[in-house]
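From first to last, the protein sequence lines stand for chains A and B. The first sequence begins at 1 in this note's numbering and counts up by one. The second sequence begins at 1 in this note's numbering and counts up by one.
Keep in mind that the hints were calculated from the coordinates and are not lab data. A few of these clues could be false.
Below 16 Å or equal to it, Euclidean Cα-Cα: the simulated EDC-like pairs (lysine to aspartate or glutamate) are [unchecked claim]:
(1) A:K92 x A:D47
(2) B:K248 x A:E36
(3) A:K153 x A:D218
(4) B:K178 x A:E142
(5) B:K248 x B:E228
(6) A:K180 x A:D169
(7) B:K248 x B:D281
(8) B:K254 x A:E240
(9) A:K180 x A:D218
Some but not every residue of chain B turned toward chain A, in silico, with C-beta under 8 Å [to be verified]:
(10) F86
(11) A100
(12) N144
(13) P163
(14) I167
(15) T169
(16) P170
(17) S173
(18) K178
(19) Y194
(20) D196
(21) N214
(22) R223
(23) V236
(24) Y263
(25) V296
Just some of the chain A residues that point at chain B, by a computed CB distance under 7 Å [unchecked claim]:
(26) Y72
(27) G73
(28) A74
(29) A93
(30) G209
Note that the structure is predicted; figures quoted are calculated from it, not measured. For glycine and all other residues, C-beta sits at the position ideal for the given N, C-alpha and C.
Here is what each chain is made of, one letter per residue.
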Amino acid sequence: MFSKAQQVRRLAGATAVAALVGLALSATPASAAAGEGYVRLAHLSPDTPAVDVYLMSDDNKVKEQTFPGVAYGAMSNYLRLPAGSYSVAMRKAGAAASTKPVLTTQVTVETGAAYTVAGVGRYADLGLRVLKDDLRLPNANEAKVRVIQASVKAPVLDVSGKSGATIADGVAFATTTAYKQVNPGKWTVKVQPSGGGVVSELPCTLGAGNVYSLLVLDDKNGGLKPELHIDAARQGAMPEGGVATGAGGTQPGSSLPMALLLAGLAAALAGSVMIALRRRSQPE
Amino acid sequence: MTASDGSRVPLPEGGRGPVRRGTIYLSKHAIRSLTRSETAKINTNPEHPSVPNDATMDTMTDQLKLPAPAEVKAKPQRVRGKGRVFLPVLVATVTGLIVATGYLAIRVPHAPSDLGRWGTDGSDVEATATPQGSTDPSAAGIANPFGTPAPELRGAPTRLTVPAAGIDTPLESLHLDKGGALEPPADFAKAGWYADGTVPGDLGPAVIAGHVDNKRGPAVFYRLRELEAGDHIEVVRGGATVQFTVTKTAWYPKTAFPTAQVYGPTPDSQLRLITCGGVFDHRLRSYKDNLVVYAVAG
Chain A
1 MFSKAQQVRR LAGATAVAAL VGLALSATPA SAAAGEGYVR LAHLSPDTPA VDVYLMSDDN
61 KVKEQTFPGV AYGAMSNYLR LPAGSYSVAM RKAGAAASTK PVLTTQVTVE TGAAYTVAGV
121 GRYADLGLRV LKDDLRLPNA NEAKVRVIQA SVKAPVLDVS GKSGATIADG VAFATTTAYK
181 QVNPGKWTVK VQPSGGGVVS ELPCTLGAGN VYSLLVLDDK NGGLKPELHI DAARQGAMPE
241 GGVATGAGGT QPGSSLPMAL LLAGLAAALA GSVMIALRRR SQPE
Chain B
1 MTASDGSRVP LPEGGRGPVR RGTIYLSKHA IRSLTRSETA KINTNPEHPS VPNDATMDTM
61 TDQLKLPAPA EVKAKPQRVR GKGRVFLPVL VATVTGLIVA TGYLAIRVPH APSDLGRWGT
121 DGSDVEATAT PQGSTDPSAA GIANPFGTPA PELRGAPTRL TVPAAGIDTP LESLHLDKGG
181 ALEPPADFAK AGWYADGTVP GDLGPAVIAG HVDNKRGPAV FYRLRELEAG DHIEVVRGGA
241 TVQFTVTKTA WYPKTAFPTA QVYGPTPDSQ LRLITCGGVF DHRLRSYKDN LVVYAVAG
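Just chain A, same shape as in the assembly (with noise of 0.2 Å):
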């Protein structure tokens, strides 16, 4: 015969086995990770000749990839790559893959962040710089636009709208500013040598929720050439939450009636039991 409190023990360690159970029944199937981000390459050094580009995983995740003959203003689309640590190591056009790279440079894709591998600054003194990239969804009705400077003729220019909303001031030869929010819609930009010079306009339009990088470039003829380039996009409205996609026919009736019924005999059940042990175990 069991005394009293090992019965109650013993209901007790009941009790918590059957709640883990129901937590582990309920829970919801967890989704896959993607483990996945994005590299684009690009050209911005106005005085070096073209290049041929070597991208290379540091643990065997992609075969290595040559780009060959990029020059000067060249910007790829984006690469999708499994997360990881890749090189990128730039040649002289048609030099061979033997030889010793003109710059290298060690890239760490994290999921679901984007990166901008730029060869940038002057041929004497070349580097490759890796900018973050921030693609994330701007303010509501905002779309988000950075300038890449990589203009030698104009070291230091001011980038504005034509109706005079700036964009950036004073943006030095091969630096990049962060993204600024601004109203979509069409717009001219100017661009323009800080401290006056001549001015270049670019027509374009910008979309609500979309992300650029606005690069500044030489152009043959000694003048700027400002280039829009979509880093992200999308279209329309943001629609707000989810979707109603679903009437139920292949759910059961409702459960809480039966849950509620079968919870009242259980506990009436119990109780009984609960009472009649103890009627029987006291002496009166």
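Using the hints provided, position chain B relative to the given structure of chain A.
For chain B alone, coordinates are given in the frame of chain A:
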């Protein structure tokens, strides 16, 4: 020896007398002898039906550890009536809760008779579930990102095919409702695409939604939950077919739907397939969760 009501209570010698339930009466002598030798035995002694439960036991043991005063005031640990009612009510409540929880837990993930791609009877199931070599970027190679952009696609999407989930449906056009949410397709047998948003194959996240069920049974996206990373999706658009590959699937409560992640800008051409799932709220006649399948072109 005084009980809490102040009345004198005759005590049995050695503390082994007819002790009454719910109340502990101990003499000085009994305390001393217990402290010396019997504390450890109390728990297991079957001749002590007087020990009501763990709580009283602990209190008693605590008292025993005190230096024995000349007169110990042993309070009744529990008023008789309360003790008699409390435990059965507790046990009844706990049992009721367990049964209800257990019932709901077993009841809610109601397994449909249609096993879909995970069924063991279909011979073609294995073929669709085997990952194709082309999903591995190292095998397929990477297209030159400096190359000329792909030829522009024209027109609206007309058809969606997802072989791994047995989905092949024409597409209707969807718009936002007055509250700003994406309206579901009017036809339960068809999926719909968000016609004011990104067109599948263009830069950005195109959105296609479909019902998981109608009032009587499964609808067009019932088997969407079977998709896994690596599965292929095709969208027919203006005579051309745009290929997508599933990158991940995720369930979100509608109350915490990650709008920016699902509908936010992307650096490449992507697709979202959305349907409902999880617990069905019978009062609101609506599912509590959304299933989102993320896919990327290629």
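Okay, the hints, checked on the actual structure:
With a CA separation close to 13 Å, the supplied pair K92 (chain A) and D47 (chain A) stays within the 16 Å bound. Between the alpha carbons of K248 (chain B) and E36 (chain A) the distance comes to roughly 11 Å, so the proposed pair stays at or under 16 Å and holds. With a CA separation close to 7 Å, the supplied pair K153 (chain A) and D218 (chain A) stays within the 16 Å bound. The straight-line distance between the Cα atoms of K178 (chain B) and E142 (chain A) is roughly 21 Å, outside the 16 Å bound, and the hint therefore fails.
A distance of roughly 7 Å separates the Cα atoms of K248 (chain B) and E228 (chain B); the hinted pair therefore holds under the 16 Å criterion. Taking the CA atoms of K180 (chain A) and D169 (chain A), the gap is about 12 Å. The hint holds against a cut of 16 Å. In summary, the hint linking K248 (chain B) to D281 (chain B) is not supported, as the alpha carbons are separated by about 26 Å, beyond the 16 Å threshold. The suggested pairing of K254 (chain B) with E240 (chain A) holds, with an alpha-carbon distance near 10 Å, which does not exceed 16 Å.
This hinted pair does not check out: K180 (chain A) and D218 (chain A) have alpha carbons roughly 23 Å apart, beyond 16 Å. Below 8 Å, beta-carbon pairs count as interface contacts, and F86 (chain B) has none with chain A, the closest being about 11 Å; its hint is therefore violated. With a least beta-carbon distance of about 4 Å to chain A, the hint placing A100 (chain B) at the interface is held under the 8 Å criterion. Satisfaction of the interface hint for N144 (chain B) is found here, the shortest Cβ-Cβ separation to chain A being roughly 6 Å, below the 8 Å cut-off.
The beta carbon of P163 (chain B) comes no nearer than 20 Å to any beta carbon in chain A, farther than 8 Å, and the hint placing it at the interface is violated. A hinted interface residue such as I167 (chain B) counts as satisfied when its beta carbon comes closer than 8 Å to some beta carbon of chain A; here the least separation is about 13 Å, so the hint is violated. Taking 8 Å as the C-beta contact cut-off toward chain A, the hint placing T169 (chain B) at the interface is violated, the least distance being around 13 Å. Annotation: P170 (chain B) was flagged as interfacial toward chain A, and the flag is violated, the nearest CB pair being 16 Å apart, outside 8 Å.
Because the closest C-beta pair between S173 (chain B) and chain A is about 12 Å apart, greater than 8 Å, the hint is violated. The criterion of a C-beta within 8 Å of any C-beta in chain A is not met by K178 (chain B), whose closest approach is roughly 11 Å, and the hint is violated. Annotation: interface hint on Y194 (chain B) holds; nearest CB of chain A at approximately 7 Å, less than 8 Å. A least Cβ separation of about 4 Å between D196 (chain B) and chain A falls short of the 8 Å threshold, and the interface hint therefore holds.
The criterion of a C-beta within 8 Å of any C-beta in chain A is met by N214 (chain B), whose closest approach is roughly 5 Å, and the hint holds. Given the 8 Å rule on beta carbons, the hint for R223 (chain B) is violated: about 11 Å separates it from the nearest Cβ of chain A. This hint is violated: V236 (chain B) has a C-beta 19 Å from the nearest C-beta of chain A, more than the 8 Å allowed. Satisfaction of the interface hint for Y263 (chain B) is found here, the shortest Cβ-Cβ separation to chain A being roughly 5 Å, below the 8 Å cut-off.
For V296 (chain B), the shortest C-beta to C-beta distance to chain A is roughly 7 Å, which falls under 8 Å, so the interface hint holds. Against a cut-off of 7 Å between C-beta atoms, the interface hint on Y72 (chain A) is violated, since the closest Cβ of chain B lies about 13 Å away. Checking G73 (chain A) against chain B: minimum C-beta separation of about 11 Å lies over 7 Å; hint violated. For A74 (chain A), the interface hint holds, the least distance from its beta-carbon to any beta-carbon of chain B being 6 Å, beneath 7 Å.
At a threshold of 7 Å, the smallest CB-CB gap from A93 (chain A) to chain B is about 13 Å, leaving the interface hint violated. At its closest, the beta carbon of G209 (chain A) sits 6 Å from a beta carbon of chain B; the interface hint therefore holds under the 7 Å criterion.
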